[in-house]
Amino acid sequence: MATVTMPQLGESVTEGTVLKWLKQPGEAVRLDESLCEIETEKVTAELPSPFAGTMGAILVREGETVEVGVPLCELIENGATDAPNAHGPVQWSGGPMAIPPAESPAAADEPVSAPAPPEAPERSGAVRAPGPVDRRRFFSPIASRLAAAHDIDLGSLTGSGIDGRVTKQDVEAAIVRLEPTPPGGPPARPPRTGDRPTASPYAVVELSATRRTIGARLTRSNLEAPQAWTMVEADVSLLERRRLEDRGRLDPTGRAHLTLFPYFALAVCQALREFPEFNARWEGGELRRYLAVNAGIAVGTDRGLVVPVVRDAQNLNADGLASALDALVGRARSSRLQLEDVEEGTITLNNTGAFGSIASRPILNYPQVAIVTLERVVLRPVVIAGGIAIRSIVNVCLSFDHRVADGVEAGGFLAAIKRELEGEHVTS
Amino acid sequence: MAVATVIEAIRSTLDEALEADERAFILGEDVEAGGVFRVTEGLKAKHPAQVLDTPLAESSIIGVAIGAAHYGLRPIAEIQFADFIHAGFDQLCSEASRWCYRTKGDSWLPMVVRAPWGGGVHGGQHHSQSIEAFYAHLPGIKVVAPAFPADYRSLLKAAIADPNPVLFLEHKRTYRLIKQEMIGAPAETVLGRARVTRQGRDLTILAYGLMLIESLAAAETLAAEGIDCSVVDLLTLQPLDVETILESVRTTGKALIVHEDTLTGGLGGEIAALIAEHAFEFLDAPVRRLAAPDIPAMPYHHAMEAFFMPDRDKIAKAARDLAAY
Chain A
1 MATVTMPQLG
11 ESVTEGTVLK
21 WLKQPGEAVR
31 LDESLCEIET
41 EKVTAELPSP
51 FAGTMGAILV
61 REGETVEVGV
71 PLCELIENGA
81 TDAPNAHGPV
91 QWSGGPMAIP
101 PAESPAAADE
111 PVSAPAPPEA
121 PERSGAVRAP
131 GPVDRRRFFS
141 PIASRLAAAH
151 DIDLGSLTGS
161 GIDGRVTKQD
171 VEAAIVRLEP
181 TPPGGPPARP
191 PRTGDRPTAS
201 PYAVVELSAT
211 RRTIGARLTR
221 SNLEAPQAWT
231 MVEADVSLLE
241 RRRLEDRGRL
251 DPTGRAHLTL
261 FPYFALAVCQ
271 ALREFPEFNA
281 RWEGGELRRY
291 LAVNAGIAVG
301 TDRGLVVPVV
311 RDAQNLNADG
321 LASALDALVG
331 RARSSRLQLE
341 DVEEGTITLN
351 NTGAFGSIAS
361 RPILNYPQVA
371 IVTLERVVLR
381 PVVIAGGIAI
391 RSIVNVCLSF
401 DHRVADGVEA
411 GGFLAAIKRE
421 LEGEHVTS
Chain B
429 MAVATVIEAI
439 RSTLDEALEA
449 DERAFILGED
459 VEAGGVFRVT
469 EGLKAKHPAQ
479 VLDTPLAESS
489 IIGVAIGAAH
499 YGLRPIAEIQ
509 FADFIHAGFD
519 QLCSEASRWC
529 YRTKGDSWLP
539 MVVRAPWGGG
549 VHGGQHHSQS
559 IEAFYAHLPG
569 IKVVAPAFPA
579 DYRSLLKAAI
589 ADPNPVLFLE
599 HKRTYRLIKQ
609 EMIGAPAETV
619 LGRARVTRQG
629 RDLTILAYGL
639 MLIESLAAAE
649 TLAAEGIDCS
659 VVDLLTLQPL
669 DVETILESVR
679 TTGKALIVHE
689 DTLTGGLGGE
699 IAALIAEHAF
709 EFLDAPVRRL
719 AAPDIPAMPY
729 HHAMEAFFMP
739 DRDKIAKAAR
749 DLAAY
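Quick mapping for you: the protein sequence lines, in order, are chains A and B.
Just so we're aligned, residue 1 is where the first sequence starts under my numbering, counting upward by one.
Just so we're aligned, residue 429 is where the second sequence starts under my numbering, counting upward by one.
These aren't lab readings, by the way, just hints derived from the structure by calculation.
Fair warning: there could be bad hints in the mix.
Said to hold, decoys possible - The following label-pair restraints were derived from C-beta to C-beta distances:
1) Glu-469(B) with Phe-138(A): 56 to 62 Å
2) Gly-411(A) with Ala-752(B): 54 to 60 Å
3) Ser-522(B) with Met-231(A): 56 to 62 Å
4) Leu-178(A) with Gly-654(B): 23 to 29 Å
5) Leu-22(A) with Ala-752(B): 21 to 27 Å
6) Ile-162(A) with Asp-656(B): 15 to 21 Å
7) Asp-518(B) with Ile-162(A): 44 to 50 Å
Note that beta-carbon positions come from the ideal geometry of N, C-alpha and C, so glycine has one too.
Turn these sequences into a full structure, and let the hints guide you.
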């Protein structure tokens, strides 16, 4: 009988927690087979058996944290008599790659209760354990790529390679299991090892009407409109100050929720005066440029994305836009939108920053020719007049139909929005 | 000629080349009498003006070939054993490989240097060496190393027709060992192309010369164990057929490169680098090389020679390990 103690799993590590016992008393144990999982502040590792034998008593419960050197369990060597401490305390071998330290003839005579803590950490061999690479958690380039392409969790697969490594064949077998074979297609290559259950591993999701519509529209948009994307960065420090002032003015309690978005909508409307080509629809085989700005606002709801329209947005100031937006979003979220609320948009605005995004590449709300996003405002160090200042910075992204305009106009349009967002006049 | 040995395939090709083009001629040590391997046997009698003995001076053999090629002839030089070719290294490296480059393409050197190479014939230090890596390092020389008679024939033809210097390596163990029905046999006719000799799913073995033969034998053994190997015959070592190599490795995800040359600085390193650079995302295992150990020369004693040379058993073992990875 030998005692297996808590190994030192790394330099300056003094204790470890037994996460899970992988062997129970009485179970046969092969050389280097894992006895338990151990977690320390640095690593989590499995403790390999120092020799082949039979699992004895478990001395430390799962979840318990003990110091290095404390006995964890007993182990009975194959063919050995059950004489107590025939081996003395068994230090962890350091895994199959480590060279066991030479045994001192006197070792058996020394007291078993106090194994000296290793003084030279590099000699413990523990930081290398269990072996240089845990191949069950090493995934080859091809295995990773195949798994990513087929949305397979590599960690969930049982590997047939060396040390349980998940091989390319294992991933291919999983793909065959998880994906239906196209009718009439060639027979898939059978998995190399083991039979797997054949029950369907997925459920078919019923698409709501809204989702179907969204899907069809975005697909059409991607198929029909050659879409280009560009982005500018705007300094909205002054605008942010004005927003807080406005909020105080509108609601002296300061609890009103006035966001940056109405100011952004205003800036877009202003910029469209200079670049009306982006206030348009590609419809009926012709390009229709509109005088009125019907600004579609992307709103996420429980049932999916809807894009209600603020009509004649060019006639509204920031307050007016804020009220109109509030009303529309409220109707959208409570599913009370009327047909006219969602029709005849001429451009779409999206507050992607609300999700924390700092850059997004929106797809056109076909047949509109432009969609503009307001990203999240972040504080950034910025060089101004040779000094560094903390400023509120936001990205504005534009996807546009390249049939309608080129980079020159798109850049000009974004620059105009930027100018409006940054301009002195907004601080008035 | 239905079934031919490697020697017969080379001899008939030389015979036809001399017949077809009076500018073509063979020069080398004892070639008039047939040479030590009897490759040129009978050619002197048939083409008396086109088969010339030379002194025992490899530098001069290659230098004369360069001069003759300049002069408009089509020299086919024979180096009796590839082990001796290094005496002519300067001629090949500093002159032949650079000539076209040096003249901005105004002048070409249509010459072939044939050299029996490789071990497994109990030839010891001076009659067994693999010399290909030294010459495959030279960008201006083509290096060819077939394994099967039909490829020897078609590639020697292509080498003689090529306007560049070609080092044509003949594995001396394959000379009489490998026979092939020539009619209908697959034969690569273009320098710079490899051939997938055996198509498999689990791993790719890349080899040339005798090691190609051994790899095919190993692949048969492994097939019985359920390990399905592709075997690629590299055929031309400079320039390498990168596309064929990569295509096969991208399919299997595992590559074992086998050569009889010593490991360090051998062609395996170059091929492994190509795979790492261009097929990394397709790899399912580290690229493996099986080569002779880094020992100065092929030992003479048969047991030591067997220890030195990779063979079908060693290839099978390496492939088995790679398949299990």
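These are the hints, each one checked on the structure:
Between Glu-469(B) and Phe-138(A), the C-beta spacing of about 58 Å keeps the proposed range 56 to 62 Å intact. In this structure the supplied range 54 to 60 Å holds for Gly-411(A) paired with Ala-752(B), their Cβ-Cβ distance being about 57 Å. At roughly 57 Å, the beta carbons of Ser-522(B) and Met-231(A) sit within the given window of 56 to 62 Å. Our hint of 23 to 29 Å for Leu-178(A) and Gly-654(B) holds, since their Cβ atoms are close to 24 Å apart.
The hinted range of 21 to 27 Å is satisfied by Leu-22(A) and Ala-752(B), whose Cβ atoms lie roughly 24 Å apart. Between Ile-162(A) and Asp-656(B) the C-beta distance comes to about 18 Å, which sits within the given range of 15 to 21 Å. The supplied range of 44 to 50 Å is met by Asp-518(B) and Ile-162(A), whose beta-carbon atoms lie about 48 Å from each other.
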